[in-house]
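Got chain A; can you put chain B on it based on the hints?
Number of protein chains: 2
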Amino acid sequence: MNLDDFRKNGYAVVDWICDYLEQVEKYPVKARVKPGDIKKQLPGTPPARGEEMDTIFQDFKDIIIPGITHWQHPGWFAYFPANNSPESILAEFLTAGLGAQCMVWATSPAATELEEVVAGWMRQMLGLPPEWSGVIQDTASSATLCALITAREKATDFKVNEQGMEKNLTVYVSHEAHSSAEKGAKIAGFGRENIRYIPTDEKFALQAEELERQIVEDKARGFIPTAVIATLGTTSSGAFDPVPDIGKICQRRKIWLHVDAAYAGPAAILPEKRHLFQGLENVDSFVFNPHKWLLTNFDCSLYYVRDPELLTRSLAVDPEYLKTAHDKEVKNYRDWGIQLGRRFRALKLWFVLRSYGVKGLQEFLRKHISLAEFFKNLIAEEDNFELVAPAELGLVCFRFNDGQKESLELDEFNQELLQRINGREEVFLTHTLLRDNFTLRMAIGQRTTEEKHVTRAWEIIKEEAQKMQP
Amino acid sequence: MNLDDFRKNGYAVVDWICDYLEQVEKYPVKARVKPGDIKKQLPGTPPARGEEMDTIFQDFKDIIIPGITHWQHPGWFAYFPANNSPESILAEFLTAGLGAQCMVWATSPAATELEEVVAGWMRQMLGLPPEWSGVIQDTASSATLCALITAREKATDFKVNEQGMEKNLTVYVSHEAHSSAEKGAKIAGFGRENIRYIPTDEKFALQAEELERQIVEDKARGFIPTAVIATLGTTSSGAFDPVPDIGKICQRRKIWLHVDAAYAGPAAILPEKRHLFQGLENVDSFVFNPHKWLLTNFDCSLYYVRDPELLTRSLAVDPEYLKTAHDKEVKNYRDWGIQLGRRFRALKLWFVLRSYGVKGLQEFLRKHISLAEFFKNLIAEEDNFELVAPAELGLVCFRFNDGQKESLELDEFNQELLQRINGREEVFLTHTLLRDNFTLRMAIGQRTTEEKHVTRAWEIIKEEAQKMQP
Numbered sequence: 119m120n121l122d123d124f125r126k127n128g129y130a131v132v133d134w135i136c137d138y139l140e141q142v143e144k145y146p147v148k149a150r151v152k153p154g155d156i157k158k159q160l161p162g163t164p165p166a167r168g169e170e171m172d173t174i175f176q177d178f179k180d181i182i183i184p185g186i187t188h189w190q191h192p193g194w195f196a197y198f199p200a201n202n203s204p205e206s207i208l209a210e211f212l213t214a215g216l217g218a219q220c221m222v223w224a225t226s227p228a229a230t231e232l233e234e235v236v237a238g239w240m241r242q243m244l245g246l247p248p249e250w251s252g253v254i255q256d257t258a259s260s261a262t263l264c265a266l267i268t269a270r271e272k273a274t275d276f277k278v279n280e281q282g283m284e285k286n287l288t289v290y291v292s293h294e295a296h297s298s299a300e301k302g303a304k305i306a307g308f309g310r311e312n313i314r315y316i317p318t319d320e321k322f323a324l325q326a327e328e329l330e331r332q333i334v335e336d337k338a339r340g341f342i343p344t345a346v347i348a349t350l351g352t353t354s355s356g357a358f359d360p361v362p363d364i365g366k367i368c369q370r371r372k373i374w375l376h377v378d379a380a381y382a383g384p385a386a387i388l389p390e391k392r393h394l395f396q397g398l399e400n401v402d403s404f405v406f407n408p409h410k411w412l413l414t415n416f417d418c419s420l421y422y423v424r425d426p427e428l429l430t431r432s433l434a435v436d437p438e439y440l441k442t443a444h445d446k447e448v449k450n451y452r453d454w455g456i457q458l459g460r461r462f463r464a465l466k467l468w469f470v471l472r473s474y475g476v477k478g479l480q481e482f483l484r485k486h487i488s489l490a491e492f493f494k495n496l497i498a499e500e501d502n503f504e505l506v507a508p509a510e511l512g513l514v515c516f517r518f519n520d521g522q523k524e525s526l527e528l529d530e531f532n533q534e535l536l537q538r539i540n541g542r543e544e545v546f547l548t549h550t551l552l553r554d555n556f557t558l559r560m561a562i563g564q565r566t567t568e569e570k571h572v573t574r575a576w577e578i579i580k581e582e583a584q585k586m587q588p
Numbered sequence: 119m120n121l122d123d124f125r126k127n128g129y130a131v132v133d134w135i136c137d138y139l140e141q142v143e144k145y146p147v148k149a150r151v152k153p154g155d156i157k158k159q160l161p162g163t164p165p166a167r168g169e170e171m172d173t174i175f176q177d178f179k180d181i182i183i184p185g186i187t188h189w190q191h192p193g194w195f196a197y198f199p200a201n202n203s204p205e206s207i208l209a210e211f212l213t214a215g216l217g218a219q220c221m222v223w224a225t226s227p228a229a230t231e232l233e234e235v236v237a238g239w240m241r242q243m244l245g246l247p248p249e250w251s252g253v254i255q256d257t258a259s260s261a262t263l264c265a266l267i268t269a270r271e272k273a274t275d276f277k278v279n280e281q282g283m284e285k286n287l288t289v290y291v292s293h294e295a296h297s298s299a300e301k302g303a304k305i306a307g308f309g310r311e312n313i314r315y316i317p318t319d320e321k322f323a324l325q326a327e328e329l330e331r332q333i334v335e336d337k338a339r340g341f342i343p344t345a346v347i348a349t350l351g352t353t354s355s356g357a358f359d360p361v362p363d364i365g366k367i368c369q370r371r372k373i374w375l376h377v378d379a380a381y382a383g384p385a386a387i388l389p390e391k392r393h394l395f396q397g398l399e400n401v402d403s404f405v406f407n408p409h410k411w412l413l414t415n416f417d418c419s420l421y422y423v424r425d426p427e428l429l430t431r432s433l434a435v436d437p438e439y440l441k442t443a444h445d446k447e448v449k450n451y452r453d454w455g456i457q458l459g460r461r462f463r464a465l466k467l468w469f470v471l472r473s474y475g476v477k478g479l480q481e482f483l484r485k486h487i488s489l490a491e492f493f494k495n496l497i498a499e500e501d502n503f504e505l506v507a508p509a510e511l512g513l514v515c516f517r518f519n520d521g522q523k524e525s526l527e528l529d530e531f532n533q534e535l536l537q538r539i540n541g542r543e544e545v546f547l548t549h550t551l552l553r554d555n556f557t558l559r560m561a562i563g564q565r566t567t568e569e570k571h572v573t574r575a576w577e578i579i580k581e582e583a584q585k586m587q588p
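Residue numbers (my numbering), protein chains in the order written: chain A, 119 to 588; chain B, 119 to 588.
Looking at chain A on its own, in the form it has when it is part of the complex (with noise of 0.2 Å):
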């Protein structure tokens, strides 16, 4: 493609991006294809010869949007939300063009330098530590697993990485903790038999006193108790564990302290949700995802730690090849991460931070919170329905409930309830298990994601419950 085609089909993408984010409430939130539908339409060979790209970009209207599921749907309640904005898509469109591969500073001294300046801006606007340094990575994933390295490292003095793994190396985690602890403590050679995970509270947070009981029972076994990773805003339920006393217990015993805050992260530039968020002054390490509830397309990950100078420690290799004239002057964010090739990132989170700017970011995470408030209280005035989980931010738990807490056949209702909610193609949920029941999640936070939408999908539940019942 010569670039005034390129200009043509840019226009022509514009236009679709336009009338896709205009248009999206009319596609089925969920795809509507089974196993294979998508594969079989597609040719099992490469074309010899290249083909036009207007064929290319009809295939992808009549092929591949079929087979999407509509993460920017306003009826998009399920998982997580992985907003994206007008301002970032034009950033990773600019991303794209430039191809610069921003690996250490001098393969784009801007992009390292935006990189630090944006994580410096939204560590001032959640009120993190002054101290703390932050990076832009892919996932939380990947930052959960850079903590735990980092951590291995610190607690046998980097002998792990010269000397290999040492078997007596244990983790905390609640039992409500994201996959990504258990993933990446295996990744990183702990054994899934040194994950401890403590017991939750009413609330679903970790028990501070049964992580210290723990603590203190392996230390007389002779582990070495080495991470904890906290969550505030589970993923299940949305529930804050208690980092105020957690953090005073990894401080007095010298363990390492991770915060998962890839959810609710940005509700900390909030000052009436600040509270959630104390205790962060003992934290080693803290991660939350700009690219699920701010704006800014995924993947954009952003983790801080204390000390970047254990971080690097613990991931930098130096090849020659790799050397340049200001390794001593500049952030290399090679070392700050897993992967040695970097994405432009800070871009898309630059241009979401100056256009909405700290009030509009304020205003639109209150709108999902509102709108939270708002279906709690339709579940609290109906009979049927309970509350599962306390809902402090977008995220709801609830489940059918007759009258009854607890029986098989609820779960089994909950369940074919959610299937026939989704059946009807407007809204798309998910669910979880809690206190091993099954619990639907409403999960609000997509931009475009307004009351009228809550209100209709609170019919649609009601309505499929009372077809179910006899």
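It should be emphasised that the hints constitute simulated quantities derived from the structure, not laboratory data. Careful, some of the hints might be misleading.
Heads up, the list lumps identical chains together, so a pair's fine if it works in one copy or across two of them.
Stated by the list, open to error - Here are the simulated DSS-like pairs of lysine-lysine, each with C-alpha atoms no more than 27 Å apart in a straight line: (1) Lys277 with Lys337; (2) Lys337 with Lys285; (3) Lys321 with Lys477; (4) Lys477 with Lys570; (5) Lys337 with Lys157; (6) Lys441 with Lys321; (7) Lys449 with Lys152; (8) Lys285 with Lys585; (9) Lys126 with Lys179; (10) Lys285 with Lys372; (11) Lys494 with Lys441.
Just chain B now, kept in the frame of chain A:
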């Protein structure tokens, strides 16, 4: 920004990218800035209120662009290329517009199935074994880490994931292997002391007999040889390790063989270069990067495995909130890599493969290989310069050599020569050490690089060398 503004600004961004790609040659290849130059132009605090997109876009042009190192410049001969292409840029734009997070099949069936299809196409194009399965990852660093983890689990019958890393698992690479091998081995808990660096031959290729000798010695000492990482196209010099011989050793001794063809992989689509990729039938995993030398903007790394069951069993964690109705029938790529979240990377590769076709991509690669031949001949004709390594593809390693073969003065001379060449701002080359000698790397592979750019680079190199001679 509303959608009308998005459309207007979208057109402006299309125009800007168009102009950028057309005029990129006018910029200094390497950003002219000093450390801190960009940062000091940016406010230290975030804006309270939103700003106009015009202002933000203007700052992008005035502040950010002068700090960009231009990877798409035709004078880009540094590191390896990281091509983009108009097709790929448009697809990345669409991907951002859709904003789909493709962690499992259900969260966008088309993304998963298109990924299977394009991975299959590329497998055929490269002549890889038909039974291999592919997945798109972000970088070869992540893919190599996956290989090391899978090897670790296979060697221990999945005990490491359960009980933690063993101290006696060893990894084998040549001295010329990429730094991601060491980084991955450290992350996965092997420890640097359990990495065996095997000597290379006069072409910088791993010596298979030395590998076998080391494996035998390790076994006798109670180690468990776990993984060999062979490279096809090393970073320093483009060397090809003898995979057929290594494969036989690994097959006989049941050791995981991972092949890192990050840079050179695309050349396997050329019949005349296919001989460099022999012996893959005994390989367990293989990575190459379409984001380097195949027109697909960073990031897009293809990872192939012989046995996907071993990969997913090594990486799968299965929390309730990620379970879907079709989990038994579909590929959930979340279990094929380090991260849970995934962008829709298959789209850009599909656009590139269809728009160029196999023949178009072959022409693209042949152009660079013939330019590298041209450059090699220029060096061979000059008494003062020498080729330091064979150049099979687009990477040519050379140095100024004033009749002498080795001396510290020559190292200093070449170091200064490189600085002077890059100081001219028309071309950007990087360096490496080969046999401890400071060596210049001329990596030819940028989309728009033509013979005139190579000729110009050679003029600059010679001019600067002449200026430095007394």
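Quick rundown of the hints versus the structure:
1. Lys277 with Lys337: both (19 Å within a copy, 23 Å between copies)
2. Lys337 with Lys285: Both: 14 Å inside a copy, 22 Å across copies.
3. Lys321 with Lys477: neither (31 Å within a copy, 61 Å between copies)
4. Lys477 with Lys570: within (24 Å within a copy, 53 Å between copies)
5. Lys337 with Lys157: neither (53 Å within a copy, 46 Å between copies)
6. Lys441 with Lys321: Between. Shortest inter-copy distance 23 Å satisfies the 27 Å Cα cut-off; intra-copy 50 Å does not.
7. Lys449 with Lys152: Classified as between; 13 Å across copies, 47 Å inside a copy.
8. Lys285 with Lys585: Intra 55 Å, inter 60 Å, cutoff 27 Å: neither.
9. Lys126 with Lys179: both (17 Å within a copy, 23 Å between copies)
10. Lys285 with Lys372: Intra 19 Å, inter 25 Å, cutoff 27 Å: intra and inter.
11. Lys494 with Lys441: between (56 Å within a copy, 25 Å between copies)
Going through the hint list in order, the structure does not satisfy hints 3, 5 and 8.
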